[in-house]
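4 protein chains.
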Amino acid sequence: MKSPEEIVNQLMMKNDAFSQWLGIQVLEIKHGYCKLQMQVRKEMLNGFHIAHGGITYSLADSALAFASNSHGYKAVSVETSISHTEALKEGDIIRAEAEELHRSNKIGVYQVNIYTMPDKKIVALFKGTVYITSQLW
Amino acid sequence: MKSPEEIVNQLMMKNDAFSQWLGIQVLEIKHGYCKLQMQVRKEMLNGFHIAHGGITYSLADSALAFASNSHGYKAVSVETSISHTEALKEGDIIRAEAEELHRSNKIGVYQVNIYTMPDKKIVALFKGTVYITSQLW
Amino acid sequence: MKSPEEIVNQLMMKNDAFSQWLGIQVLEIKHGYCKLQMQVRKEMLNGFHIAHGGITYSLADSALAFASNSHGYKAVSVETSISHTEALKEGDIIRAEAEELHRSNKIGVYQVNIYTMPDKKIVALFKGTVYITSQLW
Amino acid sequence: MKSPEEIVNQLMMKNDAFSQWLGIQVLEIKHGYCKLQMQVRKEMLNGFHIAHGGITYSLADSALAFASNSHGYKAVSVETSISHTEALKEGDIIRAEAEELHRSNKIGVYQVNIYTMPDKKIVALFKGTVYITSQLW
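Chains as they are written, first to last, in my numbering: chain A, 1 to 137; chain B, 138 to 274; chain C, 275 to 411; chain D, 412 to 548.
Bound conformation, chain A alone:
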């Protein structure tokens, strides 16, 4: 069975264009867990000069994909929810930390917290549910 690092390398392979556009870096990956980082750029802002809600969602959704696929079986998102609790501005560095709340044979549930660095202020709370297939990576 492939390691979490090998799987994320495959998921983040050269042609993962959107994660590259976002500038996502993988800081840590292990079974059921990952920590990602990125920086808010000017192109990610909305008309209020704060990050569009889709930016933090995208980072959290990538974290969900990495954490839920890390066990070696392909997993697909079935339902995700996010609360945006603080606004982000250009230059802010944010981290997503995904943690496995539950994993059965078929279903996994993950909590992803997004916070700023270095002050670790929570800016978004994300929960994701995945369906775990029987296909190996």
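Rather than coming from a laboratory, the hints here were simulated on the basis of the structure.
Possibly wrong hints are sitting among the right ones.
Stated by the list, open to error - Just some of the chain C residues that point at chain B, by a computed CB distance under 8 Å: (1) 324; (2) 357; (3) 359; (4) 376; (5) 379; (6) 383; (7) 394; (8) 396; (9) 399.
To be verified - Computed Cβ-Cβ distance ranges for the label pairs, DEER-style: (10) 483(D) x 302(C): 45 to 53 Å; (11) 15(A) x 158(B): 28 to 36 Å; (12) 43(A) x 414(D): 45 to 53 Å; (13) 323(C) x 502(D): 25 to 33 Å; (14) 136(A) x 546(D): 28 to 36 Å; (15) 407(C) x 100(A): 21 to 29 Å; (16) 431(D) x 100(A): 33 to 41 Å; (17) 271(B) x 483(D): 20 to 28 Å; (18) 546(D) x 27(A): 38 to 46 Å; (19) 407(C) x 27(A): 32 to 40 Å; (20) 117(A) x 302(C): 50 to 58 Å; (21) 459(D) x 302(C): 22 to 30 Å; (22) 23(A) x 517(D): 31 to 39 Å; (23) 431(D) x 373(C): 50 to 58 Å.
Quick caveat: nothing in here was measured; it's all calculated off a predicted structure.
Glycine is no exception: its CB is placed at the ideal position from the N, C-alpha and C atoms.
Using the hints, position chains B, C and D against chain A.
Only chains B, C and D this time, still in chain A's reference frame:
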């Protein structure tokens, strides 16, 4: 009180960089409702050559913002959820249609369906809850 | 394959104690759809003399179970969400109407609206996602 | 300003009929936090002889109400979601522990974990968002 069109113009003003990057077009806007369209580009794909989940979320979140602000009072998202039901590939044209399910003095609930064009196949189901402030646009 | 009516009969069989306590009646059932009704009783109220949020959730959750199992395969709930939009008082008659928004091989998504009778005022909006097993009823 | 205990006493006053029917006990309450306990009874089971999803939702929803009102201002639920991760049978003792993930002037977000006792196995994961009014208890 400003019209829905005037409010969306303000929301989508020249400096709304991320909506411009996404290529979002406003097809229709009225009180509590809007219809948006965009096309999936190569930069929006993940490592599987399908659109990243953050792309449809971003479109839906913009539709939520437009529909919930259209009554003239500033509204802020408090909780959103999305189910991705079908994969999207480069070149696909998608629409988001936001509908008001409930609106009280302080809280609004919106359903946003995302579907492909011209075949109108549902690709994502989004629900958003907003807090309605007393600030006029 | 069993009919939707036969499946609901099995789900609602004599020993479904909680649905009986709630007083749930099945008004209509077909593939991917059902309509249920019940009346708010004194024992269902909280300290504010309005129905506890768990009452409308329970009705909606039963509607999800009936609608998602109606195709003949056993389905289990994986994630549900509800917004309570209006308060209910003793004696109110409420209906739950479940509609299938999406159904693939493995995953189904259902919208359940709860409204009062006879004025059809929406009191709760529920969305449920199920995992569809390969086990026949 | 009233203490968390005084507020819960008011919320759980003699006429909170449904919490009494459920048999909810308050084990601990402080600002933004509470711990509740109850036991699954025969009347709470569905046709599969496991607890109806509405039972754990009801316990979690009560925990949300207590934790979010504990600061002294009246708070109302705007959106809640729950994943049922394990089945419960007659006689099982369950606890709900509510924790405040975020609280601004107007909006609060709470995580409620439901687990069995004494083995602390997670059976349901609940997230609730409330609107905080300016009304004092």
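These are the hints, each one checked on the structure:
no., hint, result
1, 324, "violated, 15 Å"
2, 357, "holds, 5 Å"
3, 359, "holds, 4 Å"
4, 376, "holds, 4 Å"
5, 379, "violated, 12 Å"
6, 383, "holds, 5 Å"
7, 394, "violated, 13 Å"
8, 396, "holds, 6 Å"
9, 399, "holds, 5 Å"
10, 483(D) x 302(C): 45 to 53 Å, "holds, 46 Å"
11, 15(A) x 158(B): 28 to 36 Å, "violated, 19 Å"
12, 43(A) x 414(D): 45 to 53 Å, "holds, 49 Å"
13, 323(C) x 502(D): 25 to 33 Å, "holds, 32 Å"
14, 136(A) x 546(D): 28 to 36 Å, "violated, 56 Å"
15, 407(C) x 100(A): 21 to 29 Å, "holds, 23 Å"
16, 431(D) x 100(A): 33 to 41 Å, "holds, 36 Å"
17, 271(B) x 483(D): 20 to 28 Å, "holds, 23 Å"
18, 546(D) x 27(A): 38 to 46 Å, "holds, 44 Å"
19, 407(C) x 27(A): 32 to 40 Å, "holds, 38 Å"
20, 117(A) x 302(C): 50 to 58 Å, "holds, 54 Å"
21, 459(D) x 302(C): 22 to 30 Å, "holds, 23 Å"
22, 23(A) x 517(D): 31 to 39 Å, "holds, 32 Å"
23, 431(D) x 373(C): 50 to 58 Å, "violated, 35 Å"
In summary, the structure is inconsistent with hints 1, 5, 7, 11, 14, 23 from the numbered list given earlier, while agreeing with the others.
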